[in-house]
Amino acid sequence: MTVTAPRPATPPEIGGLGHSVRRKEDDRFIQGAGRYLDDIVLPGMLHMAIVRSPVAHARIRSIDTSAAEAIDGVVAVITGDALAAHGLAWMPTLSGDTQAVLATDKVRYQGQEVAAVIATDPYVARDAATLVFVDYEELPAITNPQQSLAEGAVLIRDEKEGQTDNVAYEWETGDREGTDRAFASADLVVSLETHYPRSHPAPLETCGALADIDPATGQATIYLTSQAPHAHRTLFALVAGLPEEKIRIIAPDIGGGFGNKVPIYPGYVVATAASLLLGKPVKWVESRSENLISTGFARDYHMRGELALSSDGKILAMRASILSDQGAFYADAQPSKFRAGLFHICTGSYDIPYAHVTAKGAYTNKAPGGVAYRCSFRVTEASYLIERLVDNAAWKLGMDPAEFRRQNFIRKDQFPYRSATGFVYDSGDYHAAMDEALRLSDYYGWRSRQAEGPTEDGKLIGIGLASFTEVVGAGHSKEYDIAGLKMFDSAELRIHPTGKAILKLGVKSQGQGHETTFAQIVAEELGIPFDQIKVVEGDTDNTPYGLGTYASRSTPVGGAATAMASRKIRDKARKIAAHLLEAAEEDLEWEPGRFTVRGTDQSVTIQDIAFAAYTNPPDGEEAGLEAVHYYDPPNMTYPFGTYVVVVEVDPADGTWKVLNMTAVDDCGVRINPMIVAGQITGGLTEGFAKANMQWITFDEQGNCIGSNFLDYLVPTAYETPKFTLGATVTPSPHHPLGAKGVGESATVGSPAAYVNAVLDALRRGGHEVDNIDMPVLPHRVWGAANGVEAKP
Amino acid sequence: MRVDVTINGEPRSAEVEPRTLLVDFIRTHLGLTGTHVGCDTTSCGACTVILDGKPVKSCTVLAVQAHGSELRTVEGLRQNGRLHPIQAAFKEHHGLQCGFCTPGMMLVGAALLEKNPAPSEEEIRWELSGNLCRCTGYMNIVEAIKAAGAGSAGDAVGEDLGAAESVAAAEEMEAHA
Numbered sequence: 002m003t004v005t006a007p008r009p010a011t012p013p014e015i016g017g018l019g020h021s022v023r024r025k026e027d028d029r030f031i032q033g034a035g036r037y038l039d040d041i042v043l044p045g046m047l048h049m050a051i052v053r054s055p056v057a058h059a060r061i062r063s064i065d066t067s068a069a070e071a072i073d074g075v076v077a078v079i080t081g082d083a084l085a086a087h088g089l090a091w092m093p094t095l096s097g098d099t100q101a102v103l104a105t106d107k108v109r110y111q112g113q114e115v116a117a118v119i120a121t122d123p124y125v126a127r128d129a130a131t132l133v134f135v136d137y138e139e140l141p142a143i144t145n146p147q148q149s150l151a152e153g154a155v156l157i158r159d160e161k162e163g164q165t166d167n168v169a170y171e172w173e174t175g176d177r178e179g180t181d182r183a184f185a186s187a188d189l190v191v192s193l194e195t196h197y198p199r200s201h202p203a204p205l206e207t208c209g210a211l212a213d214i215d216p217a218t219g220q221a222t223i224y225l226t227s228q229a230p231h232a233h234r235t236l237f238a239l240v241a242g243l244p245e246e247k248i249r250i251i252a253p254d255i256g257g258g259f260g261n262k263v264p265i266y267p268g269y270v271v272a273t274a275a276s277l278l279l280g281k282p283v284k285w286v287e288s289r290s291e292n293l294i295s296t297g298f299a300r301d302y303h304m305r306g307e308l309a310l311s312s313d314g315k316i317l318a319m320r321a322s323i324l325s326d327q328g329a330f331y332a333d334a335q336p337s338k339f340r341a342g343l344f345h346i347c348t349g350s351y352d353i354p355y356a357h358v359t360a361k362g363a364y365t366n367k368a369p370g371g372v373a374y375r376c377s378f379r380v381t382e383a384s385y386l387i388e389r390l391v392d393n394a395a396w397k398l399g400m401d402p403a404e405f406r407r408q409n410f411i412r413k414d415q416f417p418y419r420s421a422t423g424f425v426y427d428s429g430d431y432h433a434a435m436d437e438a439l440r441l442s443d444y445y446g447w448r449s450r451q452a453e454g455p456t457e458d459g460k461l462i463g464i465g466l467a468s469f470t471e472v473v474g475a476g477h478s479k480e481y482d483i484a485g486l487k488m489f490d491s492a493e494l495r496i497h498p499t500g501k502a503i504l505k506l507g508v509k510s511q512g513q514g515h516e517t518t519f520a521q522i523v524a525e526e527l528g529i530p531f532d533q534i535k536v537v538e539g540d541t542d543n544t545p546y547g548l549g550t551y552a553s554r555s556t557p558v559g560g561a562a563t564a565m566a567s568r569k570i571r572d573k574a575r576k577i578a579a580h581l582l583e584a585a586e587e588d589l590e591w592e593p594g595r596f597t598v599r600g601t602d603q604s605v606t607i608q609d610i611a612f613a614a615y616t617n618p619p620d621g622e623e624a625g626l627e628a629v630h631y632y633d634p635p636n637m638t639y640p641f642g643t644y645v646v647v648v649e650v651d652p653a654d655g656t657w658k659v660l661n662m663t664a665v666d667d668c669g670v671r672i673n674p675m676i677v678a679g680q681i682t683g684g685l686t687e688g689f690a691k692a693n694m695q696w697i698t699f700d701e702q703g704n705c706i707g708s709n710f711l712d713y714l715v716p717t718a719y720e721t722p723k724f725t726l727g728a729t730v731t732p733s734p735h736h737p738l739g740a741k742g743v744g745e746s747a748t749v750g751s752p753a754a755y756v757n758a759v760l761d762a763l764r765r766g767g768h769e770v771d772n773i774d775m776p777v778l779p780h781r782v783w784g785a786a787n788g789v790e791a792k793p
Numbered sequence: 156m157r158v159d160v161t162i163n164g165e166p167r168s169a170e171v172e173p174r175t176l177l178v179d180f181i182r183t184h185l186g187l188t189g190t191h192v193g194c195d196t197t198s199c200g201a202c203t204v205i206l207d208g209k210p211v212k213s214c215t216v217l218a219v220q221a222h223g224s225e226l227r228t229v230e231g232l233r234q235n236g237r238l239h240p241i242q243a244a245f246k247e248h249h250g251l252q253c254g255f256c257t258p259g260m261m262l263v264g265a266a267l268l269e270k271n272p273a274p275s276e277e278e279i280r281w282e283l284s285g286n287l288c289r290c291t292g293y294m295n296i297v298e299a300i301k302a303a304g305a306g307s308a309g310d311a312v313g314e315d316l317g318a319a320e321s322v323a324a325a326e327e328m329e330a331h332a
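Residue numbers (the numbering used here), protein chains in the order written: chain Y, 2 to 793; chain X, 156 to 332.
Derived from the structure by calculation, the hints contain no laboratory data.
Treat each hint with caution, since some may be false.
[Stated by the list, open to error] Heads up, simulated EDC-like pairs for lysine to aspartate or glutamate below, C-alpha to C-alpha not over 16 Å straight-line: (1) Y/Lys-723 <-> X/Glu-277; (2) Y/Lys-723 <-> X/Glu-278; (3) Y/Lys-658 <-> Y/Glu-720; (4) Y/Lys-576 <-> Y/Glu-627; (5) Y/Lys-501 <-> Y/Glu-14; (6) Y/Lys-487 <-> Y/Asp-633; (7) Y/Lys-576 <-> Y/Asp-588; (8) Y/Lys-723 <-> X/Glu-276; (9) X/Lys-301 <-> X/Glu-278.
[What the hints assert, rightly or not] Here are the in silico distance ranges between beta carbons for each label pair: (10) Y/Asp-712 <-> X/Glu-269: 25 to 35 Å; (11) X/His-184 <-> Y/Glu-245: 34 to 44 Å; (12) Y/Asp-633 <-> X/Glu-269: 49 to 59 Å; (13) Y/Trp-591 <-> X/Ala-305: 39 to 49 Å; (14) Y/Glu-480 <-> X/Glu-269: 55 to 65 Å.
Even glycine gets a Cβ: it sits at the ideal position worked out from N, Cα and C.
Just need the whole structure built from these sequences, with the hints factored in.
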């Protein structure tokens, strides 16, 4: 990319847009002064431990709590029956299903919550939890959707009225007839069946709650590891019947979220019920094993995709069908209108005239979830399917995968582009991003190297591409909601008399650097130095209502709200400036931080104006300088990019190594390029993890394999490759700053590039292979290279 | 049982049950919550502290085993009102996001640099392999440790990708608005 304007509009000490200012929040984190949930201690606080089912599917005959209750220090043992008396044994999920808080009738997955022990000490609570005896009558466990939908399968959700099978939902979209016609006229059809395996976001801090309900006033202060504190407050009000004005949710510092901290978990509800019952604060912090076996999983999509192609390499239509493994409760955190999230963005970066998508969800005896793990509502699965299909199509047509993409990309002049399934892509220049990625990665150099044959020690070189398009920044409120709450977001900005500011937001950082980035937006708009702007999030009593941080929506929605609130303040500041300068408003010129009377050297700073707002406001003008803005975006934003992975595959043992990973991202305007790059390297690592090692499986009895960090492998610094980053900038035309959101692009886009690279190595090494499911484990690669079907 | 330690240069003691883990002793009994718990299998390293000069995972040491020892936690990195070079370098190089793994990462880095002030990339990555980070992708953590070893926080975050284009694009949008 040519550099067209090397100078940001604000100087570094103001730190507006384009400055990689260092993060304000770091000062506390590097000194051990972060305040995470488990760091909070309240006087008289009790501790809760949860009794979980050791089996995947069983009827509960009886629960004996007497031995636990006899332990010194145990205050109470709560069972589902006790909750049922208050109407709290079941709760709604974010997809309109119901979920057991504490099981009363059956357990439906290993790790399900059955009872809770409250004690004066956390060690005692855990001791006592082992002494709660539950008599289970075991039932057959269903561990995949194929079993679940088979004739005669045991009914998992037998408590649900009218539920006669294990189908959680069915959904379809697109043009079935048009797609069928296009397939009928195709020269070639390429198909792919693949499983995007179950994964878990596994933020380093697990989930927890500290509920403090004052028995005298009824005031409920609930500290939660929550990515969406306002939405959680409303759901608590609706579910528990607590008056909303008396609920205060505080999400303190969050040790990573990645979608795991969007749902409401049974532990939160039980801790709150316990505090209500006992009149004391109750803390619950889950262990890592509890986190991995019971809280929101991600993916677990069995996908079949087909492309209809012309012989000259044009994609004519796409068909996709999904069988999703929902676990025991349908709990995807997603807009209620779309039953398979935004999977129907599966035509990706390509101009495909016809598409048809069907999806069916099945209940299984596995933990519920379906959370968007560093992902915007199933866009990860969609992107993976199309990017794998495109590579397979190029191979079948004998075309270079970059050329095939180039030929089928939506062109720059087609934006705004309406996709076959109804998305309106806001902006893009896919050719430019791919060209930059090919250049940076020396793609054609690697192709030449590859053409020379294997390395001296017999390893095969493979090159994989992925040119993803994401859909983020939900919503606009007509289409997007969570449990009926519309997906706008908010900012409240107040300028103090001395010209410093406080910005309060409805979103909630879990490490994304909001305290810095959002201050930079105000700095850009008002010229107040970014380090003089305090950013407050997470406390529902002290921030405006918003839907929270996930699906890369903070910058697209909360960031836009911040810019708009700043502009409202600038409008009022102009009036005050006119009053101070005794000039007409239209004669004033704005530069960041200052109004000047046109053609003169008479000016006032934003600080002068702020002081006047409280000491010398114009006649007829309200005192003060503050604004609130609720931003309802006109559309989603569509970040994109091309990733190139070069691998070396050893056909003798199936191991593979990354030689080069180059990522070119276009997320529109970058507010803090350093933070953006950090989001990308983090996301790339999670993409690498899923391609390589990170998955959760179950044995035939429904035991979770992957219930701790010894079995659920997440990459360390040692395995993780070094990444080369590049950028193009195509602004979003409808966002006030042109920004698009970036937190998830790399996790969404990169897995396919690794898999494509390994397949490319095998194919060009003479092995015909269409698919290896993730994670691309050595025995699977070896199996593919040697024509042996690998066991999972 | 009574456990006496010197932690961050200060003598402290508390009565604990024999089974009390060192991490709980530090967090609950001594009130130093900068040391975190991220797993239950000694895998993640969020609980790393320096015990008699060596980094250990304090979730897998009993408090009583640390009796009479010298401990250093993240709270003890800053000395005489000045940040430790590793702290300054983590901020300068954007070596942290959510901050949960950061105390452990910095302590492992600091301990490595005491042995070897100029470790290679490979050595740093190997040394860090007992500590998990879910946010950063490790690149900037490695850079921060290198910079701290070189005696400066440095000021390089790599090039500001897309900064100039972003500013140009935003100015253009403003002009059209």
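Going down the list of hints, with the structure as the test:
Of the supplied pair hints, the one linking Y/Lys-723 and X/Glu-277 holds, its CA atoms being roughly 11 Å apart against a limit of 16 Å. Between Y/Lys-723 and X/Glu-278, the direct Cα distance comes to roughly 14 Å. Compliance with the 16 Å bound is thereby established for this hinted pair. Only pairs whose Cα atoms come within 16 Å are accepted, and Y/Lys-658 paired with Y/Glu-720 is accepted, the gap being roughly 9 Å. Pair hint Y/Lys-576 plus Y/Glu-627 holds up; C-alpha atoms about 14 Å apart against a cutoff of 16 Å.
At roughly 14 Å between alpha-carbon atoms, Y/Lys-501 and Y/Glu-14 fall within 16 Å of each other, so this suggested pair holds. A threshold of 16 Å between alpha carbons decides the hint, and for Y/Lys-487 with Y/Asp-633 the separation of about 9 Å falls inside it, so the pair holds. For the suggested pair Y/Lys-576 and Y/Asp-588, the alpha carbons sit about 11 Å apart, so the restraint of at most 16 Å is met. Restraint check for Y/Lys-723 and X/Glu-276: the C-alpha separation of about 10 Å stays at or below 16 Å, so the hint holds.
Distance restraint check for X/Lys-301 and X/Glu-278: the Cα-Cα separation of roughly 10 Å lies within the 16 Å cut-off, and the hinted pair is therefore satisfied. A beta carbon spacing of about 34 Å between Y/Asp-712 and X/Glu-269 agrees with the range 25 to 35 Å that was offered as a hint. Between X/His-184 and Y/Glu-245 the Cβ separation comes to about 38 Å, which falls inside the hinted range of 34 to 44 Å. As the Cβ distance of Y/Asp-633 to X/Glu-269 is approximately 54 Å, the hint placing it in 49 to 59 Å holds.
Checked against the hint of 39 to 49 Å, the C-beta distance between Y/Trp-591 and X/Ala-305 comes to roughly 43 Å, which is consistent with it. Checked against the given bound of 55 to 65 Å, the beta carbons of Y/Glu-480 and X/Glu-269, roughly 56 Å apart, stay inside it.
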